[in-house]
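Asker: Letter by letter, the chains look like this.
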Amino acid sequence: MDLSLTEEQQILSRTAREFLEAECPTTVVREAENAEEGYLPDLWKKMANLGWLGVSLPENYGGIGGSLTDQTVLFEEIGRALVPGPLLTSSVLAAQILLDSRNETQKQNLLPGIANGDLIVTLARGERLETSSDDTGIVLSGESLFVPFAGVASHIICATRPAVGAWPDTTLVVVDADADKIFKTRMESIANYPQYLAEFDDISIPSEAVLGGIAEGRSSLDAALQRAMVIQCAETLGRAQKVLEMVVKYAGDRVQFGRPIATFQAVQHRCADLKVAVDSCRMLVYQAAWRLDQDMPAHNEVSMAKAKAGILSRTATEAGHSIFAGISFTVEHDMQLYSSRAKISEANFGDTGYHLDQISIAVER
Amino acid sequence: MDFNFTVEQNEFRDDLRAFLSAEVPVEKQEIFGQLTEEQYQFGREINRKLAERNWLAIGWPKEHGGGGKSPIEQGILNEDLGYWRVPKSGSIGLGIVGPAIMVFGTQDQKDRYLPPIARGEVEYCQGFSEPNVGSDLGSLELLAERDGDEYVLNGSKMFTSYAFHSDYMYLLARTDPQAQKHRGISLFIADLETPGISLTPLPYINGEMAAQTNFDDVRLPVSCLIGEENRGWYHAMTTLDYERSGLWRYANVRRVFDDFTEFCQDSAPDGGQPLADHPLVHHQLAQRRLGMETWKLLCWNVAWMQSSGAVPNAEASIAFLYGSEERLRFAEMAMEVLGPYATLKYGSSMAPLLGNIEGIHRESMHLHGAGTTEIHRNIIAQRGLGMAR
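From first to last, the protein sequence lines are chains A and B. All residue numbers for the first sequence refer to my numbering, where the first residue is 2 and numbers rise by one. All residue numbers for the second sequence refer to my numbering, where the first residue is 276 and numbers rise by one.
Please keep in mind that the hints were generated in silico from the structure rather than gathered at the bench. All values reported here derive from a predicted model rather than from experimental measurement. Heads up, a few of these hints could be off.
Taking lysine-lysine pairs in the DSBU-like style, the calculated list, with each CA pair at most 35 Å apart, reads [claimed, not checked]:
1. A:LYS46 <-> A:LYS250
2. A:LYS250 <-> B:LYS303
3. A:LYS344 <-> A:LYS108
4. A:LYS185 <-> A:LYS250
5. A:LYS185 <-> A:LYS344
6. A:LYS108 <-> A:LYS250
7. A:LYS250 <-> B:LYS571
8. A:LYS344 <-> B:LYS571
9. B:LYS620 <-> B:LYS337
From just these sequences and the hints, can you work out the full model?
Answerer: This is the structure in structure tokens:
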């Protein structure tokens, strides 16, 4: 048993924090929030140059061959700094689907571009997205809600459901995001999070655009989602850790009744509860990452981490807004940046209630 | 990161489980809130058998009669003893007194006190709290006045668990009433047979018979002083850190949680679907499963820190606080699911799980041991987060 980070992971964490404190202060976060596409190309390119967009990709696809645990360490920092952009979407979720797809052409076409930041790949999925076959080949049709960063994506991976009378399970196809007959409508969202309604109007799909096989996409999609959930939990963890540090600092500086409010036990206990929640969540998140790195079954552990991260989000939001109090109700104060993003993560990939229902209650003695 | 045990540690756990499955039949396992004298004595017997295998004090150095292994093996032992609901005994000696003597005791004290603890032959109780002294332990009042080669003790200790089974008490007493409060306290081991010590029974709501321990001109030889005079507070606080994982308590509760989960999967009241298939019950079981797994990880984090040479401080308070509250959440949830059946005690033929749920609900009112939940929050805020007092 060794619950510590390796020296390399500690260096990764430290250098990421230093870089982001310099390059991504909350003024930059606000700038991205007000930008049309929700990300900043300059910052994006710098992060790509640091290798951050290919952490868990093999070197032959332009990555640095790290583990999911390494990526977890990095994304704690990315969450902490509220880094804008499709890091999770493109460099984790889409990259993993592609990596697992056994479609060498698409891997060669897309993975190096994801890693160097030239390409942004997003994922569309939903009940109303279908593939079927006709005389000319495969046809993609239907629509998908909540497609993140579709406005800046170069490609969209579509997880299509089995149409009635067609294939029995999920088929994954990749399409050029700028293709004709794809219509993207922005969904006005919390913190201007750039998510879209994407509509596909009978698009012909060449066979090399199918990832894996027809009706064989489920396992790669699930595997990639597992990893993406862990990484999203890491972001939540980083944000909550930062909120904890912010409120502790503020409580030490803020004087009321003639003394710093940090000396009041009511304030101390709220901070203590947040620390318990952060430390608990961290154990669960790293346990899930470690199990996936070991190729061990991890559905339960991932769902536990995601459920806990959802609970943590709320604890952090409540502690932040109650200790910062009035000032955190203003737009100019940073606390709202954290609480709005916490909500996006909580709702994405299944919320706390959903994941609690995924946890097996079977007794293993 | 590595959440696994080593091959040797897994082998130890397998051997331990084989031993427990042979030696601890279900009918001997403790029921919450229902500890009998016979079961307590059974627990002592198991401890002696563990000692024969060098397992009882597995985390102690070999020179003191221990197994020479790490806090991880100690954690494995405690987790399984808790899960098998072996009635607890010897824990104060093994977990607190022994380690304090190893650090602060004289050679004579080590030779005298340590081997019987490692062999499971003696029981210790702890004398910290007093009638007027709880969370503010540093203001304790039991007086120990030096008189030649003896100390004369007068006063009273409160909430003495295991008192009626104990041979010795490990206690803090005031040796310098003039000094600043934490600097006038010393640490002693008192033989409970010493004239002047009397026990007033103090029954606990969990069925345990504790005591108020009264000291009336009790004369202890100076050889009973552990460490330096007037440094006892610091000695005691240092060695409180020795075994802090809380894995025994976690597993003790986890066992009942697992039994309760299976009960819900197997029971279909009104001939309908099993309790566990009701969405609300399933959701509550899942919430508590998450809570239990979290508690377990927090305990192992403490054990791992100790195995790596670190001294857990706020981390131990986090695990302890989380555990106390999770135990309560589980007890309340189980009571809610069972409805009026939850009120049935051991002895009622209709009591679910032999009354363990009613019993654990009483046990879960224990929100104060090793510090109240508020004191643990203070520790987490002040030591863990550096917030000013």
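Asker: Each hint: holds or not?
Answerer: A quick look at each hint next to the structure:
no.	hint	result
1	A:LYS46 <-> A:LYS250	33 Å, holds
2	A:LYS250 <-> B:LYS303	53 Å, violated
3	A:LYS344 <-> A:LYS108	33 Å, holds
4	A:LYS185 <-> A:LYS250	43 Å, violated
5	A:LYS185 <-> A:LYS344	23 Å, holds
6	A:LYS108 <-> A:LYS250	46 Å, violated
7	A:LYS250 <-> B:LYS571	31 Å, holds
8	A:LYS344 <-> B:LYS571	28 Å, holds
9	B:LYS620 <-> B:LYS337	44 Å, violated
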